[in-house]
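Chains as they are written, first to last, in the working numbering: chain A, 1 to 112; chain B, 1 to 112.
Nothing false has been slipped in among the hints.
Label pairs and their calculated CB-CB ranges:
id, chain 1, residue 1, chain 2, residue 2, range
1, A, 12, B, 51, 35 to 45 Å
2, B, 3, A, 27, 28 to 38 Å
3, A, 86, B, 56, 31 to 41 Å
4, A, 63, B, 58, 38 to 48 Å
5, B, 68, A, 12, 42 to 52 Å
6, B, 19, A, 86, 30 to 40 Å
7, A, 60, B, 69, 28 to 38 Å
It is worth saying that the hints were derived from the structure and are not from the lab. Cβ atoms here follow ideal geometry from the backbone N, Cα and C, with glycine treated the same way.
Residues per chain are reported as follows:
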Amino acid sequence: EAGVTQSPTHLIKTRGQQATLRCSPISGHTSVYWYQQALGLGLQFLLWYDEGEERNRGNFPPRFSGRQFPNYSSELNVNALELEDSALYLCASSGGNTETQYFGPGTRLLVL
Amino acid sequence: GEDVEQSLFLSVREGDSSVINCTYTDSSSTYLYWYKQEPGAGLQLLTYIFSNMDMKQDQRLTVLLNKKDKHLSLRIADTQTGDSAIYFCAAPRDSGYSTLTFGKGTMLLVSP
Numbered sequence: 001e002a003g004v005t006q007s008p009t010h011l012i013k014t015r016g017q018q019a020t021l022r023c024s025p026i027s028g029h030t031s032v033y034w035y036q037q038a039l040g041l042g043l044q045f046l047l048w049y050d051e052g053e054e055r056n057r058g059n060f061p062p063r064f065s066g067r068q069f070p071n072y073s074s075e076l077n078v079n080a081l082e083l084e085d086s087a088l089y090l091c092a093s094s095g096g097n098t099e100t101q102y103f104g105p106g107t108r109l110l111v112l
Numbered sequence: 001g002e003d004v005e006q007s008l009f010l011s012v013r014e015g016d017s018s019v020i021n022c023t024y025t026d027s028s029s030t031y032l033y034w035y036k037q038e039p040g041a042g043l044q045l046l047t048y049i050f051s052n053m054d055m056k057q058d059q060r061l062t063v064l065l066n067k068k069d070k071h072l073s074l075r076i077a078d079t080q081t082g083d084s085a086i087y088f089c090a091a092p093r094d095s096g097y098s099t100l101t102f103g104k105g106t107m108l109l110v111s112p
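Excised from the complex, chain A in its bound form (with noise of 0.2 Å):
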């Protein structure tokens, strides 16, 4: 059974442009979540996506914001991108009986 995935793996971005990142859950689950892993600040929860609909988020601007498709993947998009929004990109999933959480591998975004 194929796991998390996200693409891309790695994404350049220079400061005021926009990053569009995805992630495709586990086959079966509903629920995708975002996390921003950035250097010396540990993994911070960014936003929830469950059949489609936003139902939790984090302490991020709305410059940060998402949606999930119909087949419940996902897309972050990250506009006017400043120089701290570098980090790892996590994506997980959960569903079926089990609200236990899958990662994928991440995006590193760096933003020059």
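Here the structure of chain A is known, so what remains is to put chain B in place on it, guided by the hints.
Just chain B now, kept in the frame of chain A:
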């Protein structure tokens, strides 16, 4: 909301046991998780424990939960150099929600 604390670093010799400790604040946490992150990789679910359990054993891994003190530990028996990684403790972020709060991670270094 939940707050999760971990010690930052642990160094052991190959073959020794490793014990990684974690404290959390929200006594209503249902599941508590341990994840492992190798350099440049995403998070791998190691094990989890339900809040009505005191102990869970899974091969070389033993999880102990002290609900009274809100203390969770992960013991790795016969630690190998391949166990060198960052270990994260995680608990549900808010009661009734599925999102997770992570500790800052414990870096385990295993020397030959």
